[in-house]
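Novice: Chains as they are written, first to last, in the numbering used here: chain A, 1 to 485; chain B, 486 to 1011.
Among the clues, some could well be false.
Simulated pairs of lysine to any residue, SDA-like, Cα-Cα distance not exceeding 20 Å [to be verified]:
id : chain 1 : residue 1 : chain 2 : residue 2
1  : B       : K675      : A       : Q272
2  : A       : K370      : B       : I507
3  : B       : K509      : A       : G366
4  : B       : K932      : B       : G853
5  : B       : K926      : B       : R843
6  : A       : K408      : B       : A911
7  : B       : K650      : A       : V292
8  : B       : K551      : A       : P390
9  : A       : K406      : B       : I672
10 : B       : K977      : B       : L764
11 : A       : K408      : B       : V691
12 : B       : K856      : B       : L936
13 : B       : K549      : A       : P390
14 : B       : K856      : B       : I867
15 : A       : K406      : B       : L936
16 : A       : K155      : A       : Q297
17 : B       : K551      : A       : R478
18 : A       : K406      : B       : D683
19 : B       : K689      : B       : L973
Selected chain A positions facing chain B (in silico; Cβ < 8 Å) [to be verified]:
id : residue
20 : M60
21 : L203
22 : A365
23 : L383
24 : F401
25 : K406
26 : L418
27 : Y425
Rather than coming from a laboratory, the hints here were simulated on the basis of the structure.
The beta-carbon is built from N, C-alpha and C at its ideal position, and this holds for glycine as well.
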Amino acid sequence: MEISVPDINFSIIAPELILSAFALAILLVGAFVSGRKNELLGYISLCGIIIALISTVTLMDSSVRGFSNMIAADGFGVFFKIVFLIIAGLTVLISIGYTQRFDIGIGEYYALILFATVGMMVMAAGTSLLTIFLGLETMSISIYVLAGIIRGDRKSIESAMKYFILGAFATGFMLYGMALIYGSTGSIILEEISTFFTSKPELLRSPMVIIAIGLLTIGFGFKVAAVPFHMWTPDVYEGAPTSITAFMATGVKAAGFAGFVRIFFSALQAYQPDWVAIMWILAVATMTVGNVVAIAQDNIKRMLAYSSIAHAGYILVAFVAGNDLGTASILFYLLVYAFMNIGAFSIVILLGKKGEENVMISDYAGIGFKYPLLGFSMTIFLLSMAGIPPLGGFMGKFYVFSAAVKAKYYWLAIIGVLNSAVSVYYYLRVTVFMYFREPEREITGLTFSLASVIAVIISVGGILYTGIFPASILTLARRSIETLM
Amino acid sequence: MDHLLSIIVFFPIIGAIVLIFINKENHPAIRLVALIFSLVEFILSLPLFLSFEPGVAGMQFVEKAKWIPEYGISYHLGIDGISLLLVLLTTFLTILCILSSWSAITVGVKEYMISFLFLETGMVGALVALDLVLFYVFWEVMLIPMYLLIGVWGDPRRRIYAAVKFFIYTMAGSVLMLVAILALYFINLKSTGVPTFDVLELYKAVIPVRTQYWLFAAFAVAFAIKVPMFPFHTWLPDAHTEAPTAGSVILAGVLLKMGTYGFIRFAMPLFPKAAMALLPLICVLAIIGIIYGALVSMMQADLKRLVAFSSVSHLGYVMLGMFALNMQGVEGSIYQMLNHGVSTGSLFLLVGMIYERRHTRMIADFGGLSKVMPVFAVIFMIVTLSSIGLPGTNGFVGEFLILLGAFRSNVIYGVAAATGVILGAAYMLWMFQRVMFGEIKNPENMKLKDLNRREIATMVPMVLLIFVMGIYPKLFFSKMDVSVEQFLKGFKAKYEMSVEASAPTMMSIRSGERRLKGQTFPSKID
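Model the full structure from these sequences, guided by the hints.
Specialist: What follows is the structure, encoded as structure tokens:
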């Protein structure tokens, strides 16, 4: 028996390696830096993220696979990696002030963020079921810990516990689905699975594969918070530290979609007619439930949780459309979504202080005039989420719905736009409080951490740029998916 | 000046940015800067009128640049005789609005003026955009400042309700239009292979008749909500009543015209077949709007609500004239858009002036005002008569042409709409009588001051315009003649083309199509 030595090409996983090295270094430095000086750890992780970002950008135009076709450095992976690194960078920025408030600025906090980011990147780059799973687990376990990192806070612990139990359960489903695919095709490499299906058309509609697709959908549906697998979202988002909520709502979701798209479009393309029907229902349910329930929320973190469910629904619309435009628009949307969602959570963080979180929507009364720039930024984030031009959120929706119209899913597009009209109501509600209502009590003594303010500025800039000059990023997204299908 | 239109579109934003740097407590400076910017904006827009070539049928002052080339989305601006006058109306009314907010707005002046200037950019942009996506962007941009104007500076009692209702109503209509825009794009892409959102290119697109119905319906709902046509008008009285004076003026003067403009620029020429088929429905709704609006106005106890419902009635005329599809009707309709901006805008200004003095708008609280406020009464009279359409004022020209056009296209429509004229005179004059004449019953009205200089300066341009437009309408018609002719010709040509294009599939097309057979296109176009 001959054993082939796998080709080892470290350059294609350079960003992951850099980030891991920094994460280990932070753990080490964290042991020596006393609790008060923790800003330093934040800046070290920021350096790591920037270096990883640079090394990712150099991989931009490559299309190589390595480690026996287990992982790739292709446009799709690179685009997602850039998105993850931006998300991680913004998360670290908003964490620097926030962690001091709760005394959680320990080394583990930043190291876990970096490890989770590595997991996400592996997920997006993975071209085999196993690598994707590996990435997923690395990410999930880090996030389980991060969600409960405020050890003294019952809500935080409850949130971590809920997320862990349900998450572990969902992972089981996903792994079972992967096993069934391996069982029916004999391979875990996505490309080989795809060739297997095209070469053996008689295997199509085999119940085993269909069940596998169902199980995978459940697993990924959980990670991206699609209805009806969304039940954990509001509680976990509400209980987790706000900076981690922002990270989960953007990073985990984007990573979930990266794996979702990669497996379904590279390996299970032949089954598209089967899974499109499921996705159609999921998309409509996710948009509608997310938007309708968000209307009734009084806590802004819960509202943003439901809104993030709704956004997953819009992305599923593009998923259903299934054409190249659809896949490109998923990439574009996730980037824009990262800016607007982290931006909104940054504002939530900025408005709180030690012992006073100010997370009820009624706490926002009057801040539009009291803190004009803060109010203005929040308005930009909310209007962008509502899809008002000329902001990035509008362009994202424009691309998503144009993909649906192109694929002739007219009703899906109509349901989608009506949903986005419904969503206007609850996004506007926050602006109603910010600008139209008199504050019931004074919010005083806020200290704005410079890093968080920078995160807000970057987010506003990102939204305006993607909204007014979307052409270049869309072209990049279109190019990124060429290697996918 | 190759970029005149761009300058006009974005100049107010520069003003808004300048305002950001002024201390928010320095109200006089903020007001002055806003006024200067709106004045310069108006002066900038004058060359459009002066050097506009009336003999050229196509778009003028065209600017075209790539925006999102992959989609064929371009930054394409241009004006023709139809949009020219509306742009001028917008820049003109904005000055008066800022003047009228001088003493009425005392809180958040800076934010107010910034909103107003942003609003101006949105309005002008929507009027000059010739790319559907660009148009959509400006169309939605208008919503936010208007929402803030109503919500922050509106009447404290119901402003939030009115603001949210305004936003959601308009938004719900326009998102459907977005889907229709996308569908239109892909249909055109499939048949021609050229990706474009350029409306001038899309005019040439051949669209299957059944698809036209859907697309026209989506556009029409978006625009009908904005106009607002009966039965989509319910947001209007709330928004108008709760908005600050200047907000009402700009809402009535310009934002409502966006709806009618949308019909004439987009919905009708893009989907002529569907427009023809649904013509009876739209005309009937327009007539219902005329009569219903007038009847409801008559019963209003609140001055502002009365004027708001009169808008429903006036806009009914505009729609009717447009769908008469002859030269008189369409020209009258465009003229009436301008008239309504001037007359109803003035009415809101006047109501605002009296509201500032008495903090009430109830008709019952007034009476005998002509004795204490003679100047106010005279101006109010002129505006009232113009709104009724007395010969010699602008209202007469518009209404007369619309009725003429309506009679030529269908006598029944003409007769029905003409009853609205009588009702219009009734509710306006009755209101005038109750407010201005009789004994002064309420002692508070005794010490009312007449208009001050700034207020007179606000009203004089309006009064002048009322007479100029009433006595010498040729000044304006000469600019729009060719464009309107072109619109009708294009509409007719495309209508006939799509009849031929759809002929082979006639069998498969259902009842909607059969109803069309008996109907012929008005053959005479003069």
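Novice: Each hint needs a verdict: does it hold in this structure or not?
Specialist: Here is how each hint holds up against the structure:
A C-alpha spacing of about 24 Å is found between B:K675 and A:Q272, which places the hinted pair above 20 Å, so the restraint is violated. At most 20 Å may separate the alpha-carbon atoms for a hinted pair to count; A:K370 and B:I507 meet this at roughly 16 Å. For the hint pairing B:K509 with A:G366, the CA-to-CA distance comes to about 16 Å; that is within 20 Å, so the pair holds. As the CA atoms of B:K932 and B:G853 are separated by approximately 12 Å, the hinted pair is consistent with the 20 Å bound.
At roughly 14 Å between alpha-carbon atoms, B:K926 and B:R843 fall within 20 Å of each other, so this suggested pair holds. The straight-line distance between the Cα atoms of A:K408 and B:A911 is roughly 53 Å, outside the 20 Å bound, and the hint therefore fails. For a cut-off of 20 Å, the pair hint linking B:K650 to A:V292 stands: about 17 Å separates their Cα positions. For the given pair, B:K551 sits about 16 Å from A:P390 by alpha-carbon distance, which is consistent with the 20 Å threshold.
Of the pairs offered as hints, the one joining A:K406 and B:I672 holds, with about 9 Å between alpha carbons and a cut-off of 20 Å not exceeded. A C-alpha spacing of about 14 Å is found between B:K977 and B:L764, which places the hinted pair at or below 20 Å, so the restraint holds. Among the hinted pairs, A:K408 with B:V691 is consistent with the structure: their alpha-carbon atoms are about 18 Å apart, no more than 20 Å. About 13 Å separates the Cα atoms of B:K856 and B:L936, which keeps this hinted pair within 20 Å; it holds.
The straight-line distance between the Cα atoms of B:K549 and A:P390 is roughly 19 Å, inside the 20 Å bound, and the hint therefore holds. Taken as a hint, the B:K856 and B:I867 pair is honoured in the structure, with Cα atoms around 17 Å apart against an allowance of 20 Å. For a cut-off of 20 Å, the pair hint linking A:K406 to B:L936 is broken: about 59 Å separates their Cα positions. The straight-line distance between the Cα atoms of A:K155 and A:Q297 is roughly 18 Å, inside the 20 Å bound, and the hint therefore holds.
With a C-alpha separation of about 18 Å, the suggested pairing of B:K551 with A:R478 holds against the 20 Å cut-off. Simply put, A:K406 and B:D683 have alpha-carbon atoms about 18 Å apart, close enough for the 20 Å limit, and the pair holds. As the CA atoms of B:K689 and B:L973 are separated by approximately 15 Å, the hinted pair is consistent with the 20 Å bound. Annotation: A:M60 was flagged as interfacial toward chain B, and the flag is violated, the nearest CB pair being 19 Å apart, outside 8 Å.
Restraint check, A:L203 versus chain B: the minimum CB separation of about 34 Å is more than 8 Å; hint violated. For A:A365, the interface hint is violated, since its Cβ never comes within 8 Å of a Cβ in chain B; the closest pair sits about 12 Å apart. The interface hint given for A:L383 holds, since its Cβ lies 7 Å from the closest Cβ of chain B, which is under the 8 Å cut-off. With a cut of 8 Å, the hint placing A:F401 at the interface with chain B holds, because the nearest CB-to-CB distance is about 6 Å.
Interface restraint check: A:K406 against chain B, minimum CB-CB distance 5 Å, threshold 8 Å, status holds. Residue-level restraint check for A:L418 holds (minimum Cβ-Cβ distance to chain B is 7 Å; threshold 8 Å). The closest approach between the C-beta of A:Y425 and any C-beta of chain B is roughly 6 Å, which is under the 8 Å cut-off, so the hint is satisfied.
Going down the numbered hints, you'll see the structure goes against 1, 6, 15, 20, 21 and 22, while the others check out.
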